[in-house]
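> Chain residues, written in single-letter form:
2 protein chains.
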Amino acid sequence: MKSIDVCISPDLLHLYKLEEKIVVVVDILRATSCMTTAFANGVQSIIPVASLEECMEYKNKGFLAAAEREGKTAEGFDLGNSPFSYMDSSFKGKTIVVTTTNGTLAITKSRAATLVMIGSFLNKTAIIKYLAKQERHVLVLCSGWRGSFNMEDTLFAGSLVSGLEGVYRHESDSALMAKRIYESARYNMMQYLEDSTHFKRLARLNNYKDIEFCLTEDLYDILIAEKDGALVKL
Amino acid sequence: MKSIDVCISPDLLHLYKLEEKIVVVVDILRATSCMTTAFANGVQSIIPVASLEECMEYKNKGFLAAAEREGKTAEGFDLGNSPFSYMDSSFKGKTIVVTTTNGTLAITKSRAATLVMIGSFLNKTAIIKYLAKQERHVLVLCSGWRGSFNMEDTLFAGSLVSGLEGVYRHESDSALMAKRIYESARYNMMQYLEDSTHFKRLARLNNYKDIEFCLTEDLYDILIAEKDGALVKL
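Sequence lines, in order, name chains S and F.
Position 227, counted from 1, in the first sequence is what this note's numbering calls 227; the numbers after and before it change by one each time, with no gaps.
To convert a position in the second sequence, counted from 1, into this note's numbering, add 1000.
Be careful, since some hints might not be right.
[As the list claims (entries may be wrong)] Once the Cα atoms are required to be at most 20 Å apart in a straight line, the calculated EDC-like pairs of lysine to aspartate or glutamate come out as:
id, chain 1, residue 1, chain 2, residue 2
1, S, LYS109, S, ASP195
2, F, LYS1059, F, GLU1075
3, S, LYS133, S, ASP218
4, F, LYS1233, F, ASP1221
5, S, LYS2, F, ASP1195
6, F, LYS1200, S, GLU171
7, F, LYS1109, F, ASP1195
8, S, LYS209, S, ASP195
9, F, LYS1109, S, GLU171
10, F, LYS1002, F, GLU1020
11, F, LYS1233, F, GLU1212
12, S, LYS124, S, GLU75
13, S, LYS17, F, ASP1221
14, S, LYS200, F, GLU1171
15, F, LYS1021, F, ASP1228
16, F, LYS1002, S, ASP195
17, S, LYS109, F, ASP1011
18, F, LYS1124, F, GLU1165
19, F, LYS1017, S, ASP11
[Said to hold, decoys possible] Distance windows between CB atoms, simulated:
id, chain 1, residue 1, chain 2, residue 2, range
20, F, THR1073, S, LYS17, 28 to 38 Å
21, F, HIS1014, S, ARG69, 28 to 38 Å
22, S, GLU171, F, HIS1014, 23 to 33 Å
23, S, GLN134, F, SER1184, 26 to 36 Å
24, F, ARG1204, S, LEU13, 22 to 32 Å
25, F, MET1190, S, GLU135, 31 to 41 Å
26, F, ARG1204, S, LYS92, 51 to 61 Å
27, S, LYS133, F, GLU1057, 52 to 62 Å
28, F, LEU1234, S, ALA225, 46 to 56 Å
29, S, ASP218, F, TYR1187, 26 to 36 Å
[What the hints assert, rightly or not] Covered by chain S, according to a simulated footprint, are these stretches of chain F (three or more residues, beta-carbon under 8 Å):
id, stretch
30, 1077 to 1086
31, 1166 to 1175
Bear in mind the hints are in silico, worked out from the structure with no lab data behind them.
All C-beta atoms, glycine included, are put in the ideal place defined by N, C-alpha and C.
Use the sequences and the hints to build the structure in full.
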């Protein structure tokens, strides 16, 4: 049987083999939720870059560029990391270049995989249905916060382990833990996350509505994957 | 207020400052449970070493030497990693040299801390009472399995976070997760761990009684800490 595993931090990625696998990169608050929202609203492609400098170079060439650091829009950029800012009809058909504190780094670190997908609660069931039909092992990579474990990404990883139970076997303790915390939190995720660090960080910055939106399950029936360095609809 | 944090793998230790802190090293199945049992049964000191070679050197000099790799007693050694083998009255007053797959490495990695303690369920409340009176920040370091997250060490870490609530603040998501899984598992830890990897690994090797023993809370009222490279009773 195919297997699913969960890597709870990019700093533990050296423990996993990526070759021949599907990697689902997760940064619930808010990079991968934003990306999903952007594609659902007609964006054509997203180029994830690791550094602010790289992002600025693209901006200077005329690209739409989004940059977030420490939960805020980085200086010199118009677009940040709120999903609502991607609900702009003028972005239809456009390419956006994005850099974020954690999420884009996790994407660039995953390139040895056969397929890199972007995961969020917003398109959770679409991903589960897609993965159920694949023949490869799956690794869910939580972006975390500067290398540390975070709750919301692990909850999402657990929702995939839980949703694929019986189709994918899971053997690691991280997958088991993720599944268990998701199953105890699923009907009350806002409350479950209230004490978590990034929730509090964003709530201080008045991003409460963003959090609520990013925890909404199955708003969009789309799939996003990396192709030749850019993210596109699958 | 003093803070308590949880590092879920030695491979994430670079994210934490150890200076000025008390580090509690945990390897529930079974290194730190064995060490606690050894001291409770009169052992004078334990020298943790990282490699089999180092351990053999000590053995050749006449020391009692215990070595475990992959859950089994390593070749050439008499003592392994079962707590029952440390209930030997002939060990009274002796020094034992120990190397294990994960636990001893976590100890040697923690030496920048002000105080390195050894934690197990067997002396959980003794540790909680001791820490409650200290004025330093605490980091619980889970030994994990070859760098990976493991359930039993994190459960124990959560039992300290839970037991010190109100005395130590906790802010990280790993501490919060550890506390939550402990609080949902505490009255049924054997069952909670049944699906975990190391439980299954040890159960295959017929170490079911060891596991049960290692999950027993508060059997011993002792404290163990590192002093000049050796573990001794505090």
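> Each hint: holds or not?
Comparing the hints with the structure gives:
1. As the CA atoms of S:LYS109 and S:ASP195 are separated by approximately 29 Å, the hinted pair breaks the 20 Å bound.
2. Annotation: proposed proximity of F:LYS1059 to F:GLU1075 holds, straight-line Cα distance about 13 Å (limit 20 Å).
3. Proposed proximity of S:LYS133 and S:ASP218 is supported: the alpha carbons are some 19 Å apart, at most 20 Å.
4. A threshold of 20 Å between alpha carbons decides the hint, and for F:LYS1233 with F:ASP1221 the separation of about 11 Å falls inside it, so the pair holds.
5. Restraint check for S:LYS2 and F:ASP1195: satisfied, since their Cα atoms lie roughly 18 Å apart, inside the 20 Å limit.
6. Distance restraint check for F:LYS1200 and S:GLU171: the Cα-Cα separation of roughly 10 Å lies within the 20 Å cut-off, and the hinted pair is therefore satisfied.
7. Of the supplied pair hints, the one linking F:LYS1109 and F:ASP1195 is violated, its CA atoms being roughly 29 Å apart against a limit of 20 Å.
8. Annotation: proposed proximity of S:LYS209 to S:ASP195 holds, straight-line Cα distance about 17 Å (limit 20 Å).
9. A hinted pair counts as satisfied when its Cα atoms are at most 20 Å apart, and F:LYS1109 with S:GLU171 does not qualify at roughly 28 Å.
10. Restraint check: the Cα-Cα separation between F:LYS1002 and F:GLU1020 comes to about 12 Å, which is no more than 20 Å; the hinted pair holds.
11. With a C-alpha separation of about 24 Å, the suggested pairing of F:LYS1233 with F:GLU1212 is violated against the 20 Å cut-off.
12. At roughly 32 Å between alpha-carbon atoms, S:LYS124 and S:GLU75 are farther apart than 20 Å, so this suggested pair is violated.
13. Between the alpha carbons of S:LYS17 and F:ASP1221 the distance comes to roughly 44 Å, so the proposed pair goes past 20 Å and is violated.
14. Of the pairs offered as hints, the one joining S:LYS200 and F:GLU1171 holds, with about 10 Å between alpha carbons and a cut-off of 20 Å not exceeded.
15. Under the criterion of a C-alpha separation no larger than 20 Å, the hint pairing F:LYS1021 with F:ASP1228 is consistent with the structure, at around 17 Å.
16. Of the supplied pair hints, the one linking F:LYS1002 and S:ASP195 holds, its CA atoms being roughly 18 Å apart against a limit of 20 Å.
17. Distance restraint check for S:LYS109 and F:ASP1011: the Cα-Cα separation of roughly 17 Å lies within the 20 Å cut-off, and the hinted pair is therefore satisfied.
18. For the proposed pair F:LYS1124 and F:GLU1165, the alpha carbon gap of about 14 Å is at most 20 Å, so the pair holds.
19. The straight-line distance between the Cα atoms of F:LYS1017 and S:ASP11 is roughly 16 Å, inside the 20 Å bound, and the hint therefore holds.
20. Under the hint 28 to 38 Å, the C-beta atoms of F:THR1073 and S:LYS17, about 30 Å apart, fit the expected range.
21. In this structure the supplied range 28 to 38 Å is violated for F:HIS1014 paired with S:ARG69, their Cβ-Cβ distance being about 21 Å.
22. Evaluation of the 23 to 33 Å hint for S:GLU171 and F:HIS1014 yields a pass: the beta carbon distance comes to about 27 Å.
23. Between S:GLN134 and F:SER1184 the C-beta distance comes to about 32 Å, which sits within the given range of 26 to 36 Å.
24. Our hint of 22 to 32 Å for F:ARG1204 and S:LEU13 holds, since their Cβ atoms are close to 28 Å apart.
25. For F:MET1190 paired with S:GLU135, a C-beta distance near 36 Å keeps the hint of 31 to 41 Å intact.
26. For the pair F:ARG1204 and S:LYS92, the supplied restraint of 51 to 61 Å holds, since their beta-carbon distance comes to about 57 Å.
27. A beta carbon spacing of about 56 Å between S:LYS133 and F:GLU1057 agrees with the range 52 to 62 Å that was offered as a hint.
28. Distance hint for F:LEU1234 and S:ALA225: a CB-CB separation of about 54 Å, consistent with the stated range 46 to 56 Å.
29. A beta carbon spacing of about 35 Å between S:ASP218 and F:TYR1187 agrees with the range 26 to 36 Å that was offered as a hint.
30. For the stretch 1077 to 1086 of chain F, the stated coverage by chain S is violated: 0 residues have a C-beta nearer than 8 Å to a C-beta of that chain, whereas at least 3 were required.
31. Using a Cβ-Cβ cut-off of 8 Å, 4 residues of the stretch 1166 to 1175 of chain F lie near chain S, which meets the minimum of three, so the contact claim holds.
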